[in-house]
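For the record, the sequence lines run as chains A and B.
Numbers 1454 to 1562, taken from the numbering used here, label the letters of the first sequence in order.
Numbers 535 to 1350, taken from the numbering used here, label the letters of the second sequence in order.
Because the hints were derived from the structure by calculation, they are not lab data.
Please note: incorrect hints may appear among the correct ones.
Claimed, not checked - 25 Å max Cα-Cα, derived DSS-like pairs, lysine-lysine: (1) B:1057 <-> A:1500; (2) A:1500 <-> B:589; (3) B:915 <-> B:1093; (4) B:782 <-> B:633; (5) B:614 <-> B:604; (6) A:1544 <-> A:1474; (7) B:728 <-> B:738; (8) B:589 <-> B:915; (9) B:751 <-> B:728; (10) B:843 <-> B:915; (11) A:1500 <-> B:680; (12) B:1122 <-> A:1474; (13) A:1500 <-> B:1288; (14) B:1155 <-> B:1334; (15) B:740 <-> B:589; (16) B:680 <-> B:633; (17) B:1155 <-> A:1529; (18) B:698 <-> B:633; (19) B:1033 <-> B:1057; (20) B:1093 <-> B:1111; (21) B:1334 <-> B:1122; (22) B:538 <-> B:633; (23) B:589 <-> B:633; (24) B:1038 <-> B:614; (25) A:1500 <-> B:1093; (26) B:1206 <-> B:1288; (27) A:1529 <-> B:1057; (28) B:611 <-> A:1474; (29) A:1529 <-> B:604; (30) A:1474 <-> B:680; (31) B:680 <-> B:738; (32) B:1155 <-> B:1196; (33) A:1529 <-> B:633; (34) B:1129 <-> B:1038; (35) B:916 <-> B:843.
What the hints assert, rightly or not - Label pairs and their computed distance ranges (CB to CB): (36) A:1537 <-> B:1260: 58 to 64 Å; (37) A:1520 <-> B:1131: 35 to 41 Å; (38) B:666 <-> A:1489: 45 to 51 Å; (39) B:1294 <-> A:1461: 24 to 30 Å; (40) B:925 <-> A:1531: 53 to 59 Å.
Each residue gets a CB set at the ideal place from its N, CA and C atoms; glycine is no exception.
So you can see what is in the structure, the chains are spelled out below.
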Amino acid sequence: MTFIEVASIDDIPVRGARCVKTAFGRIAIFRTASDEIFAMEDRCPHKGGPLSQGIVHGSSVTCPLHNWVISLETGKAQGADEGAVATIPVKREGNRILIALASLQRPAA
Amino acid sequence: MRDKLVIIGNGMAPGRMLEHLLKAAPERYDITIFNAEPRVNYDRIMLSPVLSGEKEFEQIIIHGDGWYIKNGITLYKGHKITAIDREARSVISDHGVVKCYDKLVIATGSAPMILPVPGNNLAGVLTYRDLDDVHAMMLAAQSRTKAVVIGGGLLGLEAAAGLKAREMDVTVLHLMPTLMERQLDPAAGYLLQKAIEQRGIKIKTKASTKAILGNGKVEGVELADGTVIPASLVVMAAGIRPSTSLAKDAGLEINRGIVAREGMLTSDPAILAIGECAEVDGHVYGLVAPLYEMARVAALHLAGEGDTKFVHNDTPTKLKVTGIDLFSLGDFADGADRQEIVLRDPSAGIYKRVVLKDNRIVGTVLFGDTADGAWFHDLKKKETDISDMRDTLIFGQAYQGGAPLDPTAAVAALPDDAEICGCNGVCKGSITTAIAKKGLTSIDDVRAHTKASASCGSCTGLVEQVMKLALGDAYNPTAVQPVCGCTTLAHDDVRRLIKAKGLKTIPAVMQELQWATSCGCAKCRPALNYYLVCDWPDEYADDYQSRFINERAHANIQKDGTYSVVPRMWGGMTSAKELRAIADVVDKFGIPTVKVTGGQRIDMLGISKEDLPAVWADLGKAGFVSGHAYAKGLRTVKTCVGSDWCRFGTQDSTGLGIRIEKFMWGSWTPAKVKMAVSGCPRNCAEATCKDVGIICVDSGFEIHFAGAAGLDIKGTEVLGLVKSEDEALEVIVALTQMYREQGRYLERIYKWAKRIGSAEIRKQVLNDKDKRRAYYDRFVFSQKFAQCDPWSERVSGVDKHEFQPLAARAPAQAAE
Ligand code: SRM
Ligand SMILES: Cc1cc2nc3c(=O)[nH]c(=O)nc-3n(C[C@H](O)[C@H](O)[C@H](O)COP(=O)(O)OP(=O)(O)OC[C@H]3O[C@@H](n4cnc5c(N)ncnc54)[C@H](O)[C@@H]3O)c2cc1C
Ligand code: SF4
Ligand code: FES
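Next up, chain B with everything else stripped away, as it sits in the complex:
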């Protein structure tokens, strides 16, 4: 029978320990984990990017549910262990689960410190430790405007930057005179304060919190000097305290943390402690690098490979606030036996300081330019005597021995055992070996295989330089990406070659352009299908099996496998007859949800696939056609009421919108295209955030393009002013055709325009009348083959198989 291993806490330290253990002794233990947090193991370091919106929680999961299943590990999510019974060798959770162990690992981490001031329990006072805290802050950011963060250390500043990114008005209160005083000297602290303030975050140093004010919920923070700062959210980031109470109640030896010795064993040899809750030789830790080392030592013990001792090592601190480069290492206090070398470049905001003792580096602070951090770290770790390079030391590695000033020179000169990724303890040699042995070429591959740059990501630049050295010109991070793994060609090359070689089917493209797979993948096939539809409108037979389901079924798939149906309402106009027809269809088919969309029309959701043709048949009778709400094609043309009704309307914006939509519907485009026409600059149709927009003015029509209001938000650019409706239509059609011919699949107009340049587009579709006409004519030609309502086609029987399930033949025909 296997030994029973029980782990309390499922944070970063035990996660890493299990990876080592499963490699060294996969069969040895029957493993059970209890985690107070109701979730799997994730990268706590990356909570700040989740808070600021740069990442999703799914992207920071380290071990997904599948990993536990695969490794036969039982994970009790949301179970907090309330007691350890050392005599019975068992633990009990707050849900009453009792589990016996042969070996127990305590990895309870730390808990945020709550300042003992009045009001600290008011609603709206939060800490910053786990995903629940992040969610609470995100929620608060939605409805509240002013936030106060107490504590100007790493956590506090990351929280402040995140809340600012969520558009809160943020003030940081810090007790000491300068920020991050434990990691930075006053000069660097000052520069950091300036950099943070430049982002619009207010900072108050020497600020001692006296009370949190409010009636039921937070209203402000009162300082010792009597100042009151209004706030509806307060985040306490004033430090952490190792979570030791469980171990203490069990009678284990406790100091600041749970005291651990060789093999990470506590005072009870059946119990280990690792992570932030553990203390070795008087040190407790708050950064992952040493915790990962504890994890390795503990795994060796558990695998029966002897007891090594965890050795203290300084870990550099970096701040993960985009755009602020900061590096701090070791001890930088002044002292009679110490000397320092300082370099300042005030205009560039650079400050560097190296502290020496007996000609060896004991501490380093870098601000603004941290490229040499790894080099200084290496010199310090090896206790290198720097007497010979003393005069040039502070200029960094590139200046030593008269080497040329090449940005990669610094990395080239690093020895193989120099640490590149602090979080995961990956040195230069392991990266270069992995690149050579496994033939890695992308940063994602290197992350997957070595874990370098896979945690906080602050070493990504360094890792890329190592890759550049190892791969030479073969590595170019800004190189154009291939369409997908099936080819080395980029979208533009594929488009060019389709034309140049006259390729007219998907198999022809794959054969001639040497596709690496037999029939492509879900990424390249839809792209190729679009390019061929666009380039050979009369000759190419659309390959439906290469279209995403929505475009194949002409409806939008929903999360439960049902579909939604959005008919066109030209320019957002409708009538009693149309509304009645929709109402009848909804009743007849029991459609559960009817919604007015953001695109001025009506969405019917929750229709089963088999019902689609019948639904369309009824809608068709009332004159409706597909709204292409699913298509990489023309979606809606929103309009306002315009001169027909509005007292400010300068032109018939509704009429023009309908005209454009009727002219352009059915066309396939690289990505969806949305348009709008507003009757005056008050812009009620929101034309200035669309792919193409028109603002009607007294003197004519101002044509706008390249706006965005989805994943990105960007106001449009003005293409130009034209006098007549006819001319407006011609310009818009030419613009769309130019985009159709040049855009990469899934690239919206604003991204394409950025790549091509607005000036070039203006020249071709506004100023050069011949070019404009030629684009226009090509669009009109392709519309001949595109403007047939896909719904009525399917009502009359096209693609019948798509909508009907197969029926089992009578069992009498069953075969053995």
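Extracted from the complex, chain A is given alone in its bound form:
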């Protein structure tokens, strides 16, 4: 899989997120309190809320529109809610953050 650099870890606030715009919508890149990095589509499975704007806690994010809690690891809604958002392969090399190039070129599965 080809990866492309999109950010340095310092670009993203701890317990926060930033976005990458693609022709197919936005990709949200999250940084947790323990400096883990996750990426997924910036669309809540509920009503499309921008997950990047939510509050990050543990390895989850709470959607800003109606408070669904989404696992950053699996993309799945937690608790009683059902649905999932497509996660995107991401890796860290030193301070560089890279995501799968393919995710910029076609919609995530």
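Using the hints, position chain B with the ligands against chain A.
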């Protein structure tokens, strides 16, 4: 290949059947459901709370879309099956979809009866069966004033109560002399009528509908005796009829319902019938408990676990109208071979009657106090010989064997197999076992795991008593709730400990107060952040990642992910220059929507996040600052024109409003704070429904507080009258600071005041001048750190990352 299971109807019975089937034989069938209603499976019983506004539709959904996807079930919403071809073993829908089956389940429910009177098809004549009916009634309630409900049974009375809650003038017409005569004897029917009439609903018994009058739409109802009752909405709730036509056309055996035998099989062994459309041993049903039993029997058959027979069992009836306790079970007709025991307490509105045959209970009617319903139900089901307790039977279980009169004693004495939740057939033993095995502690947990109290909710009190017995003091339904799942501490404890232990960061609070999660959740973090901002204004560094997006981005997020921007217009005043600047910004950034808000200022909606700093820069040049329309903080101070212009104005209400807003803007508070100043008691600024309001009078300023006009509506209370503007400002600031220091996060002033008591607040911020000054000084101190316009800060570069997307580096740098 899997067998094909097709289900017609997606109501409560097949929903339950599938739950059993998926547990017993998850892989066996390829399942397709056709539902004439264009929606998922929901709790039809709970339509009445939706009608009355106590619940939202989303809260009564049983299986959401995700459930069907997860279980690989195809649901055709809004597809009505028009024919069953038994030879080809297929069904066809009104949209032309044809589906073959190996097994077919008919669960078409019932249809409301429409009285065969002239005018029954006029616009404004409705029935009460599904969500569309509820929506139609809600709509009608908005624009129409008088409603007539035909039928004084369970459905009719619930509809009447719902329409009354929506402020219609409601009359119930009932053909028989007393209400709910099939479930209640005349004495209880009379008490019920009184209780309903006390709610302002009119009841006419012995009322036979002759015609519905109107020209194109309903105008009234004419009775057989010639009376005409004006009405713009008529709800027919005169009974239901099993929906059997589809089965009949297919040549299945029909009586009142579709005849079903062992395994719920119809006369065609490939076809089952369950729910209200099915008939077993001459009985058809209109309550869910027996339908759920049918569902279980059908699931056993489909899972290949043999054919059991559905056994008739009486189900108690309860009415879901808040505040009316009613319980009816079995057969309570008089008879030569029957005896009855009756207890009446007219002053308390209590009536109890037990009907006996051969020393066994055959029927029970309870009104006003239904606590012993479950006990009587149990005695009846087990056919217990009651000779020994005959004299005390009617007083209920607590009186048997000289047991003390403890409210939980009745429940304690119930055997494990006594039914607690009628709708879902959950007995006491299953609840206590689940509590012990799964360590359940809250009513919501018990609902989720056992389904007890999860349908109509009328047994909630009983379930809570079972919990109380099982958990002892560990269960206290009125106990203060913890902040969230991350801690056992309540808001007040957290606030107290932050001060007492001098905790000054979120990690310190979480460590010292033993948070159960590493970095909290979206509920506790914003609360902690506020408490720390409020308690240590000079030392605490605001943690933006713990703020809700609106407060982080200083704009309101919209449903499409864009933002809205509301600049301050001090006291609702503006000028040509300001309006011109707004117009220019709107043009320059192509802002799609501009709206005058309910708070006397202007909202620009639909701005992309990247544009926000530039929009603010332009607004800033015209002198605008953030209106904090997003903040748990001071929002607007509405004013009226006051003595400057108005012929009735007693003081400069506009000037005072502006002064208050300029003094207090930027402060963070537990929940939003809205204020208003009216120039005279005509109150054009609507000050008497605000968190804080001022009514100017000749002799000074009447300060009001603790009003509400959002989710709740409540007029303000008067704090007191002061003579000067200066004093008014000091009192208001002190009041706000007291609230800032004591309020729980997201608790509006009126809720806080209710908790603390208005007298205490008045004492501290009006009468005790030293205390007042101390609060005032603490507010002024914290404003030193709060009054900086967040927009201009961001225009000058603060939190740049928040507003800019990342850019992918050139692909040349792509790594393998
Ligand atoms: C814009 C406005 C409606 C309008 O078009 O006029 C509005 C819009 C919103 N209101 Fe409001 N409220 C607006 C006046 C009101 C009023 C009337 C008033 O202020 O005189 C009320 C009733 C009074 C009150 O506050 O109780 C009101 C009671 C609410 C409530 C219920 C609060 C409650 O505790 O009962 C919410 C929900 C909440 O805050 O949790 C709410 C929430 C909202 C939110 C923030 C919903 C949200 O969370 O996204 C809306 C933001 C839209 C936006 O981006 O601008 N809005 N809202 C009004 C802005 C006033 C302003 O200039 O700042
Ligand atoms: C307002 C109200 C309050 C109630 N309160 C209580 C209560 O407190 N306690 C209690 O026990 N019971 C109560 N009931 C009764 C209870 O809701 C019903 O007994 C139960 O819902 C019946 O379930 P069912 O599956 O047989 O039919 P339903 O839930 O009626 O479902 C039948 C479904 O089949 C669909 N359908 C019909 N024909 C076709 C077709 N040809 N093709 C495709 N789909 C079709 C219908 O659109 C409908 O969605 C109440 C009912 C109402 C309306
Ligand atoms: S009433 Fe307020 S919260 Fe509700 S839709 Fe209108 S603006 Fe939004
Ligand atoms: S859109 Fe995310 S919770 Fe509703």
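Run the distance test for residue 589 of chain B versus residue 633 of chain B: straight-line Cα separation, threshold 25 Å. violated, 36 Å
Would the pair residue 589 of chain B and residue 915 of chain B pass a check requiring their Cα atoms to be no farther apart than 25 Å? violated, 34 Å
For a C-alpha distance cap of 25 Å, please report whether residue 1529 of chain A and residue 604 of chain B respect it. holds, 13 Å
Straight-line Cα separation of residue 1122 of chain B and residue 1474 of chain A no greater than 25 Å? holds, 23 Å
Straight-line alpha-carbon gap residue 1038 of chain B to residue 614 of chain B, limit 25 Å: Answer violated: residue 1038 of chain B to residue 614 of chain B is near 63 Å, above 25 Å.
Is the straight-line distance between the alpha-carbon of residue 1500 of chain A and that of residue 1288 of chain B 25 Å or less? Not satisfied, since the Cα-Cα distance of roughly 36 Å exceeds 25 Å.
Please verify whether residue 782 of chain B and residue 633 of chain B have alpha carbons no more than 25 Å apart. holds, 19 Å
Quickly compare the C-alpha distance for residue 1529 of chain A and residue 1057 of chain B to 25 Å and report which way the hint goes. holds, 20 Å
Does the alpha-carbon distance linking residue 538 of chain B and residue 633 of chain B stay inside the 25 Å limit? holds, 9 Å
Can you confirm whether the C-alpha distance between residue 1093 of chain B and residue 1111 of chain B stays at or below 25 Å? violated, 31 Å
Verify the proposed pairing of residue 1544 of chain A with residue 1474 of chain A, using a straight-line Cα cut of 25 Å. holds, 18 Å
Taking only the CA atoms, is the gap from residue 1500 of chain A to residue 680 of chain B under or equal to 25 Å? violated, 38 Å
Checked against the numbered hints listed earlier, the structure breaks hints 3, 8, 9, 11, 13, 15, 16, 17, 18, 20, 23, 24, 28, 30, 33, 34, 37, 39; every other hint is satisfied.
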